[in-house]
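Model the placement of chain B on the given structure of chain A, informed by the hints.
There are 2 protein chains.
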Amino acid sequence: MSTEKLPNPNENFSEWYNQIVQRAELADYAPVRGCMVVRPYGWALWENIQKSLDDRFKATGHVNASFPLLIPQSFFEKEKEHVEGFSPELAVVTIGGGEKLEEPLVIRPTSETIIGYMYSKWIKSYRDLPILINQWANVVRWEMRTRLFLRTLEFFWQEGHTAHATSEEAVEETLRMLDTYASFATEEAAIPVLPGLKSDSEKFAGAVNSYSIEAMMGDTKALQSGTSHYLGQNFAKAFNIQYLDLQNQLQYAWTTSWGVSTRMIGGIIMTHGDAQGLVLPPRLAPIQVVVIPIFRSEDEKSTVLPVVEQVKKQLAGFRIKVDDRTEVTPGFKFNDWEMRGVPLRIEIGPKDVANNTVAVSRRDKPGKEGKSFIPIVNLDTAVGKFLVDIQASLLEKARAFRDNHIKDPKDFDEFCKVLENNWAFSFWCGDAACEAKVKELTKATTRCIPLNQSDLKGKCIVCGKPAHQKAYFAKAY
Amino acid sequence: MSTEKLPNPNENFSEWYNQIVQRAELADYAPVRGCMVVRPYGWALWENIQKSLDDRFKATGHVNASFPLLIPQSFFEKEKEHVEGFSPELAVVTIGGGEKLEEPLVIRPTSETIIGYMYSKWIKSYRDLPILINQWANVVRWEMRTRLFLRTLEFFWQEGHTAHATSEEAVEETLRMLDTYASFATEEAAIPVLPGLKSDSEKFAGAVNSYSIEAMMGDTKALQSGTSHYLGQNFAKAFNIQYLDLQNQLQYAWTTSWGVSTRMIGGIIMTHGDAQGLVLPPRLAPIQVVVIPIFRSEDEKSTVLPVVEQVKKQLAGFRIKVDDRTEVTPGFKFNDWEMRGVPLRIEIGPKDVANNTVAVSRRDKPGKEGKSFIPIVNLDTAVGKFLVDIQASLLEKARAFRDNHIKDPKDFDEFCKVLENNWAFSFWCGDAACEAKVKELTKATTRCIPLNQSDLKGKCIVCGKPAHQKAYFAKAY
Numbered sequence: 000m001s002t003e004k005l006p007n008p009n010e011n012f013s014e015w016y017n018q019i020v021q022r023a024e025l026a027d028y029a030p031v032r033g034c035m036v037v038r039p040y041g042w043a044l045w046e047n048i049q050k051s052l053d054d055r056f057k058a059t060g061h062v063n064a065s066f067p068l069l070i071p072q073s074f075f076e077k078e079k080e081h082v083e084g085f086s087p088e089l090a091v092v093t094i095g096g097g098e099k100l101e102e103p104l105v106i107r108p109t110s111e112t113i114i115g116y117m118y119s120k121w122i123k124s125y126r127d128l129p130i131l132i133n134q135w136a137n138v139v140r141w142e143m144r145t146r147l148f149l150r151t152l153e154f155f156w157q158e159g160h161t162a163h164a165t166s167e168e169a170v171e172e173t174l175r176m177l178d179t180y181a182s183f184a185t186e187e188a189a190i191p192v193l194p195g196l197k198s199d200s201e202k203f204a205g206a207v208n209s210y211s212i213e214a215m216m217g218d219t220k221a222l223q224s225g226t227s228h229y230l231g232q233n234f235a236k237a238f239n240i241q242y243l244d245l246q247n248q249l250q251y252a253w254t255t256s257w258g259v260s261t262r263m264i265g266g267i268i269m270t271h272g273d274a275q276g277l278v279l280p281p282r283l284a285p286i287q288v289v290v291i292p293i294f295r296s297e298d299e300k301s302t303v304l305p306v307v308e309q310v311k312k313q314l315a316g317f318r319i320k321v322d323d324r325t326e327v328t329p330g331f332k333f334n335d336w337e338m339r340g341v342p343l344r345i346e347i348g349p350k351d352v353a354n355n356t357v358a359v360s361r362r363d364k365p366g367k368e369g370k371s372f373i374p375i376v377n378l379d380t381a382v383g384k385f386l387v388d389i390q391a392s393l394l395e396k397a398r399a400f401r402d403n404h405i406k407d408p409k410d411f412d413e414f415c416k417v418l419e420n421n422w423a424f425s426f427w428c429g430d431a432a433c434e435a436k437v438k439e440l441t442k443a444t445t446r447c448i449p450l451n452q453s454d455l456k457g458k459c460i461v462c463g464k465p466a467h468q469k470a471y472f473a474k475a476y
Numbered sequence: 000m001s002t003e004k005l006p007n008p009n010e011n012f013s014e015w016y017n018q019i020v021q022r023a024e025l026a027d028y029a030p031v032r033g034c035m036v037v038r039p040y041g042w043a044l045w046e047n048i049q050k051s052l053d054d055r056f057k058a059t060g061h062v063n064a065s066f067p068l069l070i071p072q073s074f075f076e077k078e079k080e081h082v083e084g085f086s087p088e089l090a091v092v093t094i095g096g097g098e099k100l101e102e103p104l105v106i107r108p109t110s111e112t113i114i115g116y117m118y119s120k121w122i123k124s125y126r127d128l129p130i131l132i133n134q135w136a137n138v139v140r141w142e143m144r145t146r147l148f149l150r151t152l153e154f155f156w157q158e159g160h161t162a163h164a165t166s167e168e169a170v171e172e173t174l175r176m177l178d179t180y181a182s183f184a185t186e187e188a189a190i191p192v193l194p195g196l197k198s199d200s201e202k203f204a205g206a207v208n209s210y211s212i213e214a215m216m217g218d219t220k221a222l223q224s225g226t227s228h229y230l231g232q233n234f235a236k237a238f239n240i241q242y243l244d245l246q247n248q249l250q251y252a253w254t255t256s257w258g259v260s261t262r263m264i265g266g267i268i269m270t271h272g273d274a275q276g277l278v279l280p281p282r283l284a285p286i287q288v289v290v291i292p293i294f295r296s297e298d299e300k301s302t303v304l305p306v307v308e309q310v311k312k313q314l315a316g317f318r319i320k321v322d323d324r325t326e327v328t329p330g331f332k333f334n335d336w337e338m339r340g341v342p343l344r345i346e347i348g349p350k351d352v353a354n355n356t357v358a359v360s361r362r363d364k365p366g367k368e369g370k371s372f373i374p375i376v377n378l379d380t381a382v383g384k385f386l387v388d389i390q391a392s393l394l395e396k397a398r399a400f401r402d403n404h405i406k407d408p409k410d411f412d413e414f415c416k417v418l419e420n421n422w423a424f425s426f427w428c429g430d431a432a433c434e435a436k437v438k439e440l441t442k443a444t445t446r447c448i449p450l451n452q453s454d455l456k457g458k459c460i461v462c463g464k465p466a467h468q469k470a471y472f473a474k475a476y
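These protein sequence lines are chains A and B, in that order.
Numbering that gives the first Met the number 0 applies: residue 0 is where the first sequence begins, and numbers increase by one.
Numbering that gives the first Met the number 0 applies: residue 0 is where the second sequence begins, and numbers increase by one.
Simulated from the structure, these hints should not be mistaken for lab results.
Yeah, the Cβ is synthetic: ideal placement off N, Cα and C, and Gly gets one too.
Please note: incorrect hints may appear among the correct ones.
Restraint ranges, calculated between C-beta atoms of paired labels, are given here [unchecked claim]:
hint : chain 1 : residue 1 : chain 2 : residue 2 : range
1    : A       : P365      : B       : N239      : 38 to 46 Å
2    : B       : L243      : A       : H404      : 47 to 55 Å
3    : B       : V327      : A       : D388      : 49 to 57 Å
4    : A       : K350      : B       : L243      : 36 to 44 Å
Below, computed lysine-lysine pairings styled on DSS-like, alpha-carbon distance capped at 30 Å [as the list claims (entries may be wrong)]:
hint : chain 1 : residue 1 : chain 2 : residue 2
5    : B       : K367      : B       : K332
6    : B       : K79       : A       : K99
7    : B       : K99       : A       : K79
8    : B       : K396      : B       : K442
9    : B       : K4        : A       : K120
10   : B       : K123      : A       : K4
11   : A       : K464      : A       : K409
12   : B       : K57       : A       : K332
13   : B       : K202      : B       : K220
14   : A       : K50       : B       : K50
15   : A       : K384      : A       : K312
16   : B       : K57       : A       : K384
17   : B       : K409      : B       : K396
18   : B       : K123      : A       : K320
19   : A       : K332      : B       : K120
20   : B       : K202      : B       : K416
21   : A       : K57       : B       : K50
22   : A       : K320      : B       : K57
23   : A       : K120      : B       : K332
24   : A       : K57       : B       : K332
Same shape as in the complex, but just chain A (with noise of 0.2 Å):
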C-alpha cells in the first residue's frame, strides 16, 4: 500500500474516490477499455450484498436460476422501445469457432428478451404462475465514460423477472422488490436511499413504469441504486407469454424486472469514506474487527500473543482478522486498515494485557474520540454492541447529510443555484419539456417521484404550470 495521503474529498471527490477503489484493493482495471476486475477484498463485500439479498428474495418467495449469456440478436428487434434503449450498447459476437455466424449474438445487456422466450414455452396455465426468477450474472454494456463500480462494460447484478396472471399482482411485485432494496440498503448498507417512481424520459427501455431507490452521495450527487420495473404486458406480447385463464381463455401475462449490481459498492464508498479512506457498514462488512499485536521485545512478544489467541476465539463469531504482519508497523497497519475501512480496530500490547484491557477504536470515529480501552471480561458483548452502534451512527450521519442537501427553494432561480450542490424537492407538472429545461440549464434530472403524495397542490418550480407531485431534482452519476 502507498503511504501518500488520499486527495483530498472535498476538493477533488472523483479522484478520492478512484484512489480508494485502488488502495482499498477494491477493484484494478482490466485490459479491456472499461471493464474491470473485482479483487479479493471487493468480492467478499459483493458476496456479503448477495447473501443479504439472495436470503430477502427467498424470504419473498423467489427462487434462482441461469440463462444464456448469448441472445440472438434478432431478439432485441421485437420489443420497440427495448431495441432503441439498447442497440447503441450491445457487444456483439459475429465468430465462433473460427466461422462467422450466421445470426450474430448479443452478450446479454439485460435478460428481459431470453427470459421472455423461456417464460413463452414453460407457461401454459394460470397453474403456472407466477413465477418469480432471479438469476445472479455478468452483462455487458458498451458504455463510453466508464468508472470502476459505477458504470462499467462488464458488471454483475441480479437480475429478477417474473410474470404474472394480473396486472395488480405484477404492480405489487414490482412495488414488493422496490421496497426489498430500500430496506437492504438502509439496514444493511446504512444508505438512506429514497424511493420513487421514475419519469417517462428517466425509465426503462420497455417499461410501463419504473421505480428506483436514489441515494445521496458525499459530493451531493444521486447515484440510482437500483431499480424495479412494471412491464406490463409489453414483453408477454413481444414474446408471446400467454397462458390460459380459468374460463379456458389465453391471456398475455404481467411481468416485472428488478436489478442491483455492483454499482452499490460505489455507493456505499461514496456515501460512507472519509479523508482515510473506506469506512464500512459493520454488516457488510468482509471484515468487521481487526485485531493488532503491539510489541517490541521477544518477552513483550510472549506476554501479548497468548492474548491475541484468546481474543481471537472469543471473537469467533464476528468476522475478524489477526494482523501479523512482521515486515511492518503498527502505525502502518493502522493506516492500512482505514483505508479499507474495517468498522473497529483492537489494540494489544503489554500494558493492555496488564490491565486486563484491549484498546477499541472505532473506524467511524477517527481519533481519541473513538478511542477506549475495554476489559477482556466479555469483550464479545461489547464488540458486538459496538458493531451495532456504528452500523447505525453510519446512517444517521448519512441522514442528516442527505436532509441537509435536500433543498426547497422558492422559484426557479433559487431551484437552479441549490441545484449545484444539492437536490430539490420541487413541484413538476410532469411535463419532458420542463425536465428538459431543467437539465439543459443545471446538469439536472428528476431523480424519483415519491411514492403516495395525495392530495398535493403547486406550481411547477420550472413552468408555473399547476401541479399535483413533487419530485427529486438532482445531478446524478
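Positioned in the frame of chain A, the structure of chain B alone reads:
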C-alpha cells in the same frame, strides 16, 4: 410433468439421460445452439455444490474474486500450446457499441491468460506469494456436439488460479486441490471417483502436468469430473509474472489452475439415476424430504393437515417441502418426486395419524423394500439417520458397480473386448502411439494414471514393452 415412462436406461442410456434433465426440470435448451438454461431445481443443486466446494476452498486459504469475461485476442497467442488447444473453440466479439473493434475480444474459455496478466501487475515480491484466488464464473467454448450439462457452449464452473514462489509449493497445491475434488465427489456427491495423472496427450493445453478425478457412469463410460493443473512457469513466462526473491533476484512464479463445472450435475444424474428418474445424494439434494398429505374427504383433511404442520415444524432442520397441490393425485405426486430424485418421501394419511406414525419411502430403494412406518415421536432423529444411510448406500452401490466394471485383462484381445462395456486397468508403457492405437481400435482413451505406483513392473498391454505404471482405459464423455 409427462406421465409417460422414461426410456429404459439399459437400452437407451442417452435418451434416458436427456429426458431426465428435462422432466426433472433441471435444465432446458436455449434458443442458441448448444446453450442451456439451468432451471431453478437444477440451479438449487448447483448452489449446494458451490457452497460445499466453496467452504472447502476457503478452509484451505483461498479467496474469491472476479476477472473479466472479455479477453484481448492477442492474449491467446502468448502461450504456444494454449493457443493451439483453444483457438478452434473461441467465441469472438468483433462489434461493440455499433462499431467494429480494433482488436477483437474473446469470451473467456478459461482464464489463465487474463489472470496471468493481472498477477504480473500485482506480484512484486516473495511477500506477495502465494496468491490463492478462485472465481465462480461462466465460460464459453464453441463445441460442436453438445449435451445439457455435459458439454455446452456456455457452462458454469469455478476456476482456481494460484501463483507460488517455488515449484514444490505449486505441485503441492495442485495435488491438494485434486484431493479436495476427490473428497468432495466422494463425500458429497456420493461418486467414488478415481484420481490420477492425465497422459500427455490428454492434458490441458499449457500445463506441465494435469490431474483429474474420473467417474464411472451408469453406462460404464468415464466422465472427467474435475481437473487440477500444474502449469510450471509456462504462463509466468508468457505473461511475465515475476517476483523479487529473498536475495533480491527476479524469479518467475510457478502457477496452478483447477476447475469443477456444471458437468458434475451430469455426473450425479448418470451415477445414481434409475428407471424412475433422478436419484439425488441427500447432502446435495435441494429438497431432502417431501411430505405428501393423503386425504379423500374434508373430514380426513382436517385430521391430516394439523399433523402435516407439526411434522413440517419438527423437520425444519432439513430441506423439506410439503406438496399440497390439490389439482393432482397423490400417485402423480409420487411419480413426480421420484423423477426429481428427492431422497425421502413421507406420506401422512388418516390411518397414520391414528397410529401416530408416518409412512417413509426411500428413493434409493423403490417399492416395499424402502418403505417403513415410523413413529412421529423423534421423527427428526429417524429422518437424519435415513439421510445418512441413503448417502452411504448410494456411494456403496456406485463403488460396487464401478469395481465390478474395472477389469484386468490378460492380453490385448481381451483388453479390446472388455473395453466395450468396462474400464481396463492395465500396464501402459507411456508411449502416445499405444494410446492412439487403443483409441483407433476401441474408442477408449487413457483416463488417468493413479498416483504413488511404486516398484511396479509389467508389460504394456498394447505393445508388450516394459511398463512401470498402470492406467485406467475407458470410453469417455
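Item to check | Hint check, failures only | outcome: none
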